[in-house]
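Undergrad: We have chain D already, so just place chains P, C and Z on it with the hints.
Protein chains: 4
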Amino acid sequence: MLVVMEQEATPEEIERAVQAVESRGFAARPVPGGHRVAICVLHNHGSVEPSLFLGLPGVKEVIPVTRPYKLVSRESHPTDTVVRVGDACIGNGTLTLIAGPCAVESETQALTIAGLVKKAGAHMFRGGAFKPRTSPYAFQGLGEDGLKILARVRRETGLPVVTEAIDHEVFDLVEAYADVIQIGARNMQNFSLLRRAGRSSKPVLLKRGLSATIEEWLMAAEYIMEGGNTRVILCERGVRTFAHHSRNTLDLSAVPVVQKETHLPVLADPSHAAGRRSQVIPLSRAAVAVGAHGLLVEVHHQPEAALSDGAQSLYPEQFVELCGQIRPIFKIFRPDGIH
Amino acid sequence: MLVVMEQEATPEEIERAVQAVESRGFAARPVPGGHRVAICVLHNHGSVEPSLFLGLPGVKEVIPVTRPYKLVSRESHPTDTVVRVGDACIGNGTLTLIAGPCAVESETQALTIAGLVKKAGAHMFRGGAFKPRTSPYAFQGLGEDGLKILARVRRETGLPVVTEAIDHEVFDLVEAYADVIQIGARNMQNFSLLRRAGRSSKPVLLKRGLSATIEEWLMAAEYIMEGGNTRVILCERGVRTFAHHSRNTLDLSAVPVVQKETHLPVLADPSHAAGRRSQVIPLSRAAVAVGAHGLLVEVHHQPEAALSDGAQSLYPEQFVELCGQIRPIFKIFRPDGIH
Amino acid sequence: MLVVMEQEATPEEIERAVQAVESRGFAARPVPGGHRVAICVLHNHGSVEPSLFLGLPGVKEVIPVTRPYKLVSRESHPTDTVVRVGDACIGNGTLTLIAGPCAVESETQALTIAGLVKKAGAHMFRGGAFKPRTSPYAFQGLGEDGLKILARVRRETGLPVVTEAIDHEVFDLVEAYADVIQIGARNMQNFSLLRRAGRSSKPVLLKRGLSATIEEWLMAAEYIMEGGNTRVILCERGVRTFAHHSRNTLDLSAVPVVQKETHLPVLADPSHAAGRRSQVIPLSRAAVAVGAHGLLVEVHHQPEAALSDGAQSLYPEQFVELCGQIRPIFKIFRPDGIH
Amino acid sequence: MLVVMEQEATPEEIERAVQAVESRGFAARPVPGGHRVAICVLHNHGSVEPSLFLGLPGVKEVIPVTRPYKLVSRESHPTDTVVRVGDACIGNGTLTLIAGPCAVESETQALTIAGLVKKAGAHMFRGGAFKPRTSPYAFQGLGEDGLKILARVRRETGLPVVTEAIDHEVFDLVEAYADVIQIGARNMQNFSLLRRAGRSSKPVLLKRGLSATIEEWLMAAEYIMEGGNTRVILCERGVRTFAHHSRNTLDLSAVPVVQKETHLPVLADPSHAAGRRSQVIPLSRAAVAVGAHGLLVEVHHQPEAALSDGAQSLYPEQFVELCGQIRPIFKIFRPDGIH
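Residue numbers (our numbering), protein chains in the order written: chain D, 1 to 339; chain P, 1 to 339; chain C, 1 to 339; chain Z, 1 to 339.
This is chain D alone, in the form it adopts within the complex:
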């Protein structure tokens, strides 16, 4: 951390800032520049609250230097984390496709879609039993009945299932049924949910929050890892910006940045980013090309009758087309990575 002093800061103010640093147990090294003094803060383990120094007289700015995350950091764990789920594997150099409807609506619906996406090449099935909805009047999911349907999908197709735990209350239930537990974008900083996920034996798919920085996202993963669960999968799903031609702006630069900063695998969810079907296939191609370890894609056999997010769900034949388009892109880089 760097504590930058005002140009006109007095020696007393500089001394007071140095003492404030030292009183916290850190080392302070003042560096006089041409115009002003900056104080380097050393020997801090992890992050330091900038606010400890920001308000002192004569202090102009406080600039964090050290990254606040530890367990998720590639510096602390240089090799890639690989998450195995049944026959599927995320982060080992293959391309993992997770597909299914936004919400589980019925056994017929789930089994129909699961059969179709499996045939097209999906490695896992996704579907919400508990749905976080902006409106209290919207369809909130089938609850445990939905989880039972997911279990049947797994039994009949062999596909591992990914489903969301929307809160601490339903976590045990979701944990009992799911192969991978999803934590949604709105819950990325629901810290008690993250702590609960940290105690789970199941892998956790952690979506990036709507306006989360990379650092906040990785700190959310740190909460899970700090609890003892090392099987964390990140998922970029678009961020909120001024632009409204897509529901969110898919931030694909996050993928290489995350891969540099952390050892955890990272997927992309073009369906939630786009919010409309017509952008899903091009964005899927882009996500694979940028280097994501896999995709989370919404597919519905009757999207115009879907109970939620139908507009962004691909028709099954579009998912077949998507698979046909992304495989060769992936193959270019990792000829042995298609299973």
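Watch out, some of these pointers could steer you wrong.
Given that identical chains are not distinguished, each listed pair holds provided it fits within a single copy or across any two copies.
Claimed, not checked - Cross-link-like lysine to aspartate or glutamate pairs, in silico, DMTMM-like; alpha carbons within 25 Å at most:
{"hint": "1", "residue 1": "K60", "residue 2": "E49"}
{"hint": "2", "residue 1": "K60", "residue 2": "E317"}
{"hint": "3", "residue 1": "K331", "residue 2": "E321"}
{"hint": "4", "residue 1": "K260", "residue 2": "E317"}
{"hint": "5", "residue 1": "K331", "residue 2": "E317"}
{"hint": "6", "residue 1": "K202", "residue 2": "E321"}
{"hint": "7", "residue 1": "K260", "residue 2": "E304"}
{"hint": "8", "residue 1": "K202", "residue 2": "E169"}
{"hint": "9", "residue 1": "K119", "residue 2": "E304"}
{"hint": "10", "residue 1": "K70", "residue 2": "E13"}
{"hint": "11", "residue 1": "K148", "residue 2": "E107"}
{"hint": "12", "residue 1": "K202", "residue 2": "D80"}
Hint data in this document are derived by calculation from the structure and do not stem from the laboratory. These figures come from a predicted structure and were not determined experimentally.
TA: Below, chains P, C and Z without anything else, positioned relative to chain D:
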């Protein structure tokens, strides 16, 4: 809702869209324009999923018209909601000041600050016992011990206390001690927490999410009201933008907009918006001038020793100065509104 | 356009709004809904100022429906525009690579880099002679000397050259030397520059503004086309968001949206979006995969000695690597599109 | 500037970075921390391109410390700049009101509005003769005829006039007629226009760009001051964010920040920020309360017939009301500041 067709949409596509609308139980009225047809969707109660129609062939765009909220809407409840808490009153034309430290750190700290802010004119005391923190390694609050300290503050000063329930698990505990239960920005769309708050007999202070639209914020309030709790207080606390000279960008235009759309009272939190002390007093003046029903302000007697957010906490003498500056502004508009 | 009335709007207010619409020469068709009346505005050619009606008593909202652009619209011109520049061709199903340094610094520098990128497969050379710089103290480009160097690059390599006209004053000069005239992000709404570009016989590469919506961007292109110049090339280069791990957030969803809305070709500029070298190759792969008609990439043989934007410039061997990675991706979709 | 090395950077990489710093004529002081080395860059005058070092092997991050602006900086010029224009005065502790229509439409319109706003207490008149419009088909202003009308307004009312120079071409003309030359938000980084303004003898009102940081805004002012024109007035007019309940988000925290960083006066323009009439009065109160040196407000006697931006123009009686509301707020702080 308006379903806008492509210019080259065929009569069959228009007919199919009309049928899709009608199959959902709504009335469809196609309006041919100069270049294209738009279909008005009528007789929908509350909001309709745009996605139901967005993916149909020939459909260019779907434009929502009706607001999705009901109970919070001023159209459904034209008179202002007034929330009484002990001797304090929010939304009745007075200016309510809620002040205190970010976190309760000790009995001495809390009582000292409470005494100071009460003397300066605060109507309620704020202080976190459970703190949502970006890092798992940061101070997380004193927990129930903090709540007990808050109870003592109330006993000794007579000030009602506001404190945050960071999750469903601690809600009962917080509810038992607090006079007003705060739901933080990161939890604005924690729907199970909102539902729990809806079953509470205590008033709820609902902060706007970091990147929440007014509509999403009011829908979060709708969750609480739908559960039966009508005592909801909104609080604007800044939104995330590209600008970084303040921690968040305080969106003061939200105050008149919210006051037009809903009957619920709305406060402003200049401390969390600014993230640094030097902006808090000017932003407080602005928030009072724009018409907010009150302020939530962080005050600490030793901010450089605070365990969280010290940089944005006012010194007690600054809070006295703040009170001195905002009272006459408020008085201009509501000569009888200062108690 | 749809004029939405307040729920409690009186018949007189509705009538007044209808008259306001008709007084402007449009047709007004009121549509009574369940809760409120909406008035459809018909027979407007192009866009209508929402503000004409937004302030009327009883009017709640005004929602634009028709797109305001005409000449750039795919609805008015369904086939793709192809821009030929020397041997290069943009928008005809090939992938066009435009590469070179941020700024022309010397004849040696430009010729060296041009030779390297040509050999690697670039179809055009880019380099700024006039540089728009945030600071008046930063290097502003070589001016006409830079243009002469570009002319020599074209003579010696055969590569057409792209360079920016930063203002109206230098436009004639740039036009005399350049094969394609670039209009930068900061100038996207410099309307006199756009009008001048509209009178040019040279193709114009129009970058998207830092916070421009797709509609504003296409309206900027409309300015150029309205002046008579139909050879407009769009270029997505990232938008400003809260995220700072890249300089701007490359909005790849803009590519399919623009391709649906307009017949003009669209490139991507991963270098300016990323602002750092390490993201350029992955983002280039993504941009090609999403379907961009080409790329604008910064390359420098000595980036650490570059006078501007060295951090985002690829080393020549990295550009070779980039070409090797993107060609097979492109080839998958357009087997005959690699020239 | 601080060059932060990777944790695993080798001594050779650190040495190479030190040499890169020194080869540019700066001093380099490596500071070894607990985990990594950071190199302080000293003796740089003004800003240094981060990109010079960002791409070097072993360099993780480059953090600017010194502000890049000089002439506009309060550090270099501690006392407030006061801009006198006729009888009006901006920045001397009074509150300056600049009011008038968005565009000059006719002599009658301008004189009518000018008479009304003068009577209500405005100190200067605003009105556009050249209008920057998103659409080439929208009303572009009366041009020189509009300027002549402004001259007549000044003659008849004594009010100095503020009007926009939308480009370099019309600058001479605008300069000949205007008392204050406005540079609009879209032109904030039109550097040739800024340079031209720097050579003008008239004061310049510089609006903040739609997505400009404070630093970029002040650097734009630096361009003008660097040319020799010290009479620069800043104007906050809202920034583009995800929020759409107002046209732009008025960033009032910018006012105290700017006042701390620079000696130049700063106004607020609530009309362009809001984009709708109903928010203008509350935001005006807030802007005065936050400490702005004055306001720029749109007023029209027949807003529903205005040729541009009618929806945000106040009715004359509303402007009277606005004046009545803001004066006492201002008076609280500066009892002698109302002229």
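Undergrad: Each hint: holds or not?
TA: Verification of the supplied hints:
no., hint, result
1, K60 <-> E49, "both (15 Å within a copy, 21 Å between copies)"
2, K60 <-> E317, "between (59 Å within a copy, 22 Å between copies)"
3, K331 <-> E321, "both (16 Å within a copy, 17 Å between copies)"
4, K260 <-> E317, "between (35 Å within a copy, 21 Å between copies)"
5, K331 <-> E317, "both (22 Å within a copy, 23 Å between copies)"
6, K202 <-> E321, "neither (32 Å within a copy, 39 Å between copies)"
7, K260 <-> E304, "between (40 Å within a copy, 22 Å between copies)"
8, K202 <-> E169, "both (17 Å within a copy, 22 Å between copies)"
9, K119 <-> E304, "within (22 Å within a copy, 51 Å between copies)"
10, K70 <-> E13, "between (33 Å within a copy, 24 Å between copies)"
11, K148 <-> E107, "within (9 Å within a copy, 50 Å between copies)"
12, K202 <-> D80, "within (19 Å within a copy, 48 Å between copies)"
Checked against the numbered hints given earlier, this structure breaks only hint 6.
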